[in-house]
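Student: So the protein sequences, as listed, match chains X and H. Residue numbers for the first sequence follow UniProt numbering, beginning at 1 and rising by one. Residue numbers for the second sequence follow UniProt numbering, beginning at 1 and rising by one.
Derived by calculation from the structure, the hints in this document are not laboratory data. Don't be surprised by glycine CBs; every beta carbon is placed ideally from N, CA and C. Some hints here could point you the wrong way.
[Stated by the list, open to error] Cβ-to-Cβ under 10 Å is the rule here; a few derived chain X residues that face chain H:
1) THR20
2) TYR109
3) LYS137
4) PRO226
For reference, the chains in residue letters:
Number of protein chains: 2
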Amino acid sequence: MRMAVSITAALLIIGDEILTGRTKDKNIGYIAEYLTGIGIDLREVRVVPDVEEEIVAAVNALRSRYTYLFTTGGIGPTHDDITADCMAKAFGVGIGHDPRAVAMLRERYQPHELNEARMRMARIPEGADLIDNPISKAPGFRIGNVFVMAGVPSIMQAMLDNIAPTLQTGARMIIETIDAEGLAEGNYAEGLSGIAAAHPSVSIGSYPSFSAGGFRNQIVARGKDPAAVADAAAAIRDLLGRLKGDRAPL
Amino acid sequence: MRMAVSITAALLIIGDEILTGRTKDKNIGYIAEYLTGIGIDLREVRVVPDVEEEIVAAVNALRSRYTYLFTTGGIGPTHDDITADCMAKAFGVGIGHDPRAVAMLRERYQPHELNEARMRMARIPEGADLIDNPISKAPGFRIGNVFVMAGVPSIMQAMLDNIAPTLQTGARMIIETIDAEGLAEGNYAEGLSGIAAAHPSVSIGSYPSFSAGGFRNQIVARGKDPAAVADAAAAIRDLLGRLKGDRAPL
């Protein structure tokens, strides 16, 4: 079997509002699913506050470890929007008003509206490429392997669509989801462990969920070798067919 | 002014299913709001995969930095549930079937149902205290300053209720949210920056949101000194009252 190329990523969510619970994050799940869908493995997520040293440390830890780092948040016009300055610091480069970003802001704002605060949104680290923002114009940017996006979900999503065609992608993850049809995890755990051991290239997980209606267990087989995933999924279906459940979910 | 005691926390979400987007996390927002409400400052969140070395490294990095570390996920009966073993490794202690945990499982399972896989849920690191699980019995545990909880939201929430009375808490954060009433961030950013500089004990953030109906900006003032937060909020309301908006959200 040809070794599948693995392209990896981390995601850094920047903002006090997530850590206080004031804003419920909607970007992690969206970006995770998006990257998985295009063949990039999201390996780590961090959420940090609007504190320069925390942001710089996280950026430098994550950008050196993964193919790509994506960030959300902190690129607006107010004093708590410090992401661009933190990126400049993390990369050890200068920062100033980028003429391309200023031109974008001029598309949206009248000259008298383009005050100093709004001009903050044109502060871009030296050497960065801009990421188009079709919704509110203030751009994100790419510097090195780091993509800096807005925190507002609709803007982040538009930016991600603009970024995606420029990304190197690896073999797409093949995912098979198998419903355990009323069986408890404890019924199939031992058999599943054997199947997992026999399919080292396939990552197998079991996910219980509970609702008013009772419990539901799903088994997920993931991997980049289609034949191995299909083989593992067949073995799981075979295992489930041979088992008799009891009344517990786990 | 008396220095407010600061009790800090980190949250570690363990699970491939969050990183692939298969499961959309519901625990970060819940725990963030819960901890903020009882006077504990959540300072960092990480999401890591079901990989031993990643979990151990994250646990050791976070438990040494904050008053408390909370984790969710990976304590079920299947082979991908490796959190308890990782905790034993992180703390350098042994792990085995804990008689108290076995007794809890016996409340739920008939002797013939309590197979080896289910007994995995009684594997608890040495020296840990158990966290009651009123829903499916298999306990979480506390070891040192780390609280290990289930990933299923309803179970995690019940465990957190059991943990909360045992936690040291600090001064509660006072949060004032001020609606910008149609003003754009760029209208008030400069004035807000001045208010933030004049109130160093108050953390002031501006949060735009967009919907089909337009945009809405909210300003949040947070801090532990009630008088300072009230003063900052009054200054923000005064600022907004003096400003005339334009048509842009940012």
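Student: Run every hint past the structure and note whether it holds.
Tutor: Now the hints, each set against the structure:
no.	hint	in the structure
1	THR20	holds (5 Å)
2	TYR109	holds (6 Å)
3	LYS137	holds (8 Å)
4	PRO226	violated (17 Å)
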